[in-house]
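K.L.:
Spelled out from the first residue to the last, the chains are:
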Amino acid sequence: MATENLSDYKDIWVFAEQRQGKLMNVALELIGEGYNLSREIGADTKVCALLIGNNIDDLAKECFEYGADKVYLVQDPLLENYTTDAYTKVITDAIHEYKPEIVLYGATHIGRDLAPRVAARVDTGLTADCTHLNVKLGSYIEYAKENTTLNTDNLDPNDPDTGLKMTRPAFGGNLMATIICPRTRPQMSTVRPGVMSKRERVEGAVGEIENVNVKLTAADIRTELIRVVRETKEMVSLTDADIICSGGRGLGGPDGFKLIKEFADKVGGVVGSSRACVDSGWIDHSHQVGQTGTTVKPTIYFACGISGAIQHLAGMQNSDIIVAINKDPEAPIFEVADYGIVGDLYKVIPEIMERWDAE
Amino acid sequence: MKIIVCAKQVPDTNEIRINPETGTLIRDGVPSILNPDDANALELALEIKDKNPGTTVTVVSMGPPQAQEMLEECLAMGADEGILVSDRAVGGSDTWATSNALAAAIRKVGDFDLLLGGRQAIDGDTAQVGPQIAEKLGLPQVTYVTEFELEEGGKSMVVKRALEDGFEEIRIHTPCMLTAIKELNDPRYMSISGIYNKDKDIKVWNAADIEVDLTTVGLKASPTNVFRSFTPKPKGKGVMLEGDTDGELAQHLVDDLKRKHII
Chain E
1 MATENLSDYK DIWVFAEQRQ GKLMNVALEL IGEGYNLSRE IGADTKVCAL LIGNNIDDLA
61 KECFEYGADK VYLVQDPLLE NYTTDAYTKV ITDAIHEYKP EIVLYGATHI GRDLAPRVAA
121 RVDTGLTADC THLNVKLGSY IEYAKENTTL NTDNLDPNDP DTGLKMTRPA FGGNLMATII
181 CPRTRPQMST VRPGVMSKRE RVEGAVGEIE NVNVKLTAAD IRTELIRVVR ETKEMVSLTD
241 ADIICSGGRG LGGPDGFKLI KEFADKVGGV VGSSRACVDS GWIDHSHQVG QTGTTVKPTI
301 YFACGISGAI QHLAGMQNSD IIVAINKDPE APIFEVADYG IVGDLYKVIP EIMERWDAE
Chain L
1 MKIIVCAKQV PDTNEIRINP ETGTLIRDGV PSILNPDDAN ALELALEIKD KNPGTTVTVV
61 SMGPPQAQEM LEECLAMGAD EGILVSDRAV GGSDTWATSN ALAAAIRKVG DFDLLLGGRQ
121 AIDGDTAQVG PQIAEKLGLP QVTYVTEFEL EEGGKSMVVK RALEDGFEEI RIHTPCMLTA
181 IKELNDPRYM SISGIYNKDK DIKVWNAADI EVDLTTVGLK ASPTNVFRSF TPKPKGKGVM
241 LEGDTDGELA QHLVDDLKRK HII
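Chains as they are written, first to last, in the working numbering: chain E, 1 to 359; chain L, 1 to 263.
Careful: at least some of the hints might be erroneous.
To be verified - Okay, the calculated bits of chain L under chain E, using three or more residues with CB under 8 Å as the criterion: (1) 94–100; (2) 121–133.
Unchecked claim - In silico DSS-like pairs for lysine-lysine, Cα to Cα no more than 25 Å straight-line: (3) LYS99(E) x LYS136(L); (4) LYS258(L) x LYS266(E); (5) LYS22(E) x LYS160(L); (6) LYS347(E) x LYS258(L); (7) LYS297(E) x LYS260(L); (8) LYS258(L) x LYS261(E); (9) LYS136(E) x LYS233(L); (10) LYS215(E) x LYS136(L); (11) LYS233(L) x LYS297(E); (12) LYS260(L) x LYS266(E); (13) LYS233(L) x LYS145(E); (14) LYS297(E) x LYS258(L).
Calculated directly from the structure, the hints in this document are not laboratory data. Note that the structure is a prediction, hence the values are computed from the model and not measured. Glycine included, every Cβ here is placed at the ideal spot set by N, Cα and C.
All chains should be modelled from the sequences, with the hints used to inform the complete structure.
P.N.:
What follows is the structure, encoded as structure tokens:
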């Protein structure tokens, strides 16, 4: 199923996911990552936001301010809310018309519904839940040397190839794989929210807007969206948090999260959790950090009573500073911790809180 | 209703260890299980069958011959029929190629009302094969399904689809594809009578049986390839703080964070 002329495909597209007229954070992160990749490819490669919805002209400005060179604006009343059928059709049509070299999607519930559908219709490859992207082999080698056990001796740092190298965890984070898509275009991947970095916002930045012609009728949409409910439950923005205080099975029961919440309030952080506590029903899934929860990289991550299963480590090991508090000196969490405290979290945490603001 | 469930046999990733010398997976002694999200899909099919006499549930899988064990488990839970697509020609398929093979097998099974699957398998975590089968079969889809209710005597249904910040309620007509997540239900156990009932049938089909275009399946046809695989580098060990009391430990931590201007 090879694409005929790979060189006809230019530019990096980011699916700029918006919900109810608000851009998702991951869209801005991907514009930042796309910006870096486009400059690495060079040769006038642009980073472009693919913005789909209705009455969303003002979001184009935000895309430019975060680094997009160009915005493909796709607007229609039928695109007001996300539907698999409508969004798949307009993206597929746009890919065929404009031929992007790379298309990136946030690995959100919507991105993971949409991207595989588009990939199957366009007949190209898709790599799920990537945590690292490279185009030049030289930068891939640098990444691999710093973060992995990969032997890079047989890779040529001057290789001119700029095919996308998409790295993702597999087997619960035990193994990493770098995937390529050598024969078809566009090269596509979904990328985990919270992993890539936004660019510094440049107020007033402008760029080119391309209004995309929409060929869509109501009959194209085979599902009926009855309602969208934004749940009023406490929103946990783990991905944006500067400090995360996470609790694990060592809390001993659901009441332990009361202390974790006090701790988080004291240090200006948010509450996280290991999978074990979520599975036991001690706390809502929205707090879960790890392979099947949220990937985080705060300035400080407090792991309280968390043993450090590999699935949990996969979601937090890129935190700047990890502080582990655990009774068991053999807990695997201490292998990744910058500061380890062996002790009873119910005694240690209040002592930290007492000293936090003291001069 | 006629329901088809897509299921995969997976290694229990909670039990997988890495050989630190070679950086490879140690799969010896690791149990193979019915993929958890797929068990939720099967449970939904069986609940529909419980309430709607005359409903049949066919489970379709792709994998090596030993995946028949997983299909036996599905039959013992209450499915009527199991089909395993097993052929070297489909080995090494990425999600695009896998969906071509499974779509061909499902076409071969014949007409159906509802196609179900788990959102994702725990070995690959891609969540791509469900939507890609739906696309290859031209079906509408809803993924991340957490609630389900039939309408109009089974011609349509209203489902709840989980979002990170809430949910959507969607009406969809048959035939269609839904993917399940664990919030949907609690899968039942195998029944004793199910385990001992050997009348039910597991069919093993090869690539010729499903009449699939061989240029669209297998390693060579797959648009994505593994370039390299490796294990993450363990992060350098930090310091274990020392102190005679909890207060001293806390003091050392806060002092050091302040000294490094982290707080």
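K.L.:
Hint by hint, note whether the structure agrees.
P.N.:
We went through each hint and held it up to the structure:
no.: 1; hint: 94–100; result: holds (count 4)
no.: 2; hint: 121–133; result: holds (count 11)
no.: 3; hint: LYS99(E) x LYS136(L); result: holds (22 Å)
no.: 4; hint: LYS258(L) x LYS266(E); result: holds (16 Å)
no.: 5; hint: LYS22(E) x LYS160(L); result: holds (22 Å)
no.: 6; hint: LYS347(E) x LYS258(L); result: holds (21 Å)
no.: 7; hint: LYS297(E) x LYS260(L); result: holds (18 Å)
no.: 8; hint: LYS258(L) x LYS261(E); result: holds (22 Å)
no.: 9; hint: LYS136(E) x LYS233(L); result: holds (21 Å)
no.: 10; hint: LYS215(E) x LYS136(L); result: holds (21 Å)
no.: 11; hint: LYS233(L) x LYS297(E); result: holds (17 Å)
no.: 12; hint: LYS260(L) x LYS266(E); result: holds (20 Å)
no.: 13; hint: LYS233(L) x LYS145(E); result: holds (9 Å)
no.: 14; hint: LYS297(E) x LYS258(L); result: holds (20 Å)
When each numbered hint is compared with the structure, no violation occurs for any of them.
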